[in-house]
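J.: Sequence:
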Amino acid sequence: AARGTDGRPYPWGGAFKRENANSLESEKSDTVAVGSYAANKSPYGVMDMVCNVWQWVESWEGKAKQYRLVMGGSYFDDKEQCKVFSTLKSIPDDTHPYIGFRCAK
Numbered sequence: 001a002a003r004g005t006d007g008r009p010y011p012w013g014g015a016f017k018r019e020n021a022n023s024l025e026s027e028k029s030d031t032v033a034v035g036s037y038a039a040n041k042s043p044y045g046v047m048d049m050v051c052n053v054w055q056w057v058e059s060w061e062g063k064a065k066q067y068r069l070v071m072g073g074s075y076f077d078d079k080e081q082c083k084v085f086s087t088l089k090s091i092p093d094d095t096h097p098y099i100g101f102r103c104a105k
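Our numbering numbers the first residue of the sequence shown as 1 and each following residue consecutively.
Careful: at least some of the hints might be erroneous.
To be verified - Cut-off 27 Å, straight-line C-alpha distance, at most; resulting in silico cross-link-like pairs (DSSO-like, lysine-lysine):
#, residue 1, residue 2
1, 41, 89
2, 28, 17
3, 89, 28
4, 79, 89
5, 79, 41
6, 79, 17
7, 41, 17
8, 89, 63
9, 89, 65
10, 79, 28
11, 28, 41
These aren't lab readings, by the way, just hints derived from the structure by calculation. Note that the structure is predicted; figures quoted are calculated from it, not measured.
Make a model of the complete structure from these sequences and hints.
T.: As structure tokens, then:
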């Protein structure tokens, strides 16, 4: 849903634009409300697929499946980590102000 049919690294296209998302480059140093960046929208209309907060996904990682994956980067990360395919491993009960989730149906 985030990459479209062309495999873009950012929801809006191939090049990072500081004004399109809440990353380290935006210098906000905190989360912002969902939808604060109108350009941070996938080709399918899904908002905030990168930056602001890392998002939990369903996938597990590790031999014993001890880690959950988070994707998309946060306000704490630079443009290289704020790509739609960027992932980090996280312990399931770990909490940080820059990790969140989205509800989807």
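J.: For each hint, tell me whether it holds in the structure or not.
T.: Here's how the hints hold up against the structure:
no.: 1; hint: 41 <-> 89; in the structure: holds (25 Å)
no.: 2; hint: 28 <-> 17; in the structure: holds (15 Å)
no.: 3; hint: 89 <-> 28; in the structure: holds (25 Å)
no.: 4; hint: 79 <-> 89; in the structure: holds (19 Å)
no.: 5; hint: 79 <-> 41; in the structure: holds (16 Å)
no.: 6; hint: 79 <-> 17; in the structure: holds (9 Å)
no.: 7; hint: 41 <-> 17; in the structure: holds (13 Å)
no.: 8; hint: 89 <-> 63; in the structure: holds (13 Å)
no.: 9; hint: 89 <-> 65; in the structure: holds (10 Å)
no.: 10; hint: 79 <-> 28; in the structure: holds (14 Å)
no.: 11; hint: 28 <-> 41; in the structure: holds (19 Å)
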